[in-house]
Amino acid sequence: MNTENLIEALAADAAPVGTHVVERRIVSALSIAAGGAIAVLLPVYGVRADLAWLVGTPIFWAKIVFALTMAGAALLATARLSRPGVAIGRAWAWLAVPAATVLLIALVILWLAPPDARASLLMGRTWRTCSLNIALLSVPGLIAILAVVRSLAPTRLRLTGAAAGLLAGAIGTAVYCLKCPETSVPFWATWYLLGIAIPTLVGAVVGEKVLRW
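With the first letter of the sequence shown counted as 1, position 210 gets the number 210 in this note's numbering; the numbers rise by one all the way through.
Everything hinted at is true.
Quick list of simulated restraints, FRET-style, between CB atoms:
(1) T183 to I143: 29 to 35 angstroms
(2) P115 to G56: 29 to 35 angstroms
(3) I105 to K209: 37 to 43 angstroms
(4) T155 to V97: 25 to 31 angstroms
(5) W53 to S31: 24 to 30 angstroms
It is worth saying that the hints were derived from the structure and are not from the lab. Backbone N, C-alpha and C fix where the C-beta goes; we use that ideal spot for every residue, glycine too.
Use the sequences and the hints to build the structure in full.
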């Protein structure tokens with residue numbers, strides 16, 4: 001059998017792929033990521049008792065915008081990396097913008113703050129647990145996103161796994177804002193980014209195996 005005949009034989013029973021299949025799969029993964037993070041948050045941590053007041057404060061929305069901006073850029077990178085031959089383009093640059101912005105603001109605040117106040121601004125009250133809490137909330141999303149990404153036939157497995165982990169971490173961070181008692185920019189610029197970095201690293205490590213097809 002020559003190559004052309006083989007291709008014709010393999011394609012003979014091929015069914016047409018439905019429209020927007022990729023988008024529907026990604027949306028389902030994002031829904032699981034957000035719903036799973038909330039399902040972990042509520043029984044394990046709960047939400048802030050003053051949440052109704054909190055949502056009226058600018059700092060709450062600044063944290064939400066930061067997390068969702070990271071998630072949006074990570075989603076773009078993940079979607080592109082999930083398909084063979086698709087260039088990632090400027091997705092990494094979009095990821096750098098929110099991270100660099102909050103880090104710059106944090107450095108300015110620390111520089112202007114009295115020396116004896118800098119430690120509390122950076123460490124807050126929950127630095128020991130914040131990043132780990134975000135990582136835990138990211139677990140459902142990481143599993144769901146990796147499962148969807150694997151079905152899209154990625155070729156750059158470690159990089160794709162890292163992008164999926166970053167997306168899960170950013171979604172977990174957005175949900176954690178419903179609980180986090182910290183309002184200092186230096187705090188969440190440091191520990192939120194570290195919390196996002198944990199599932200990113202996990203995704204890169206496991207991506208080589210779980211995304212293989």
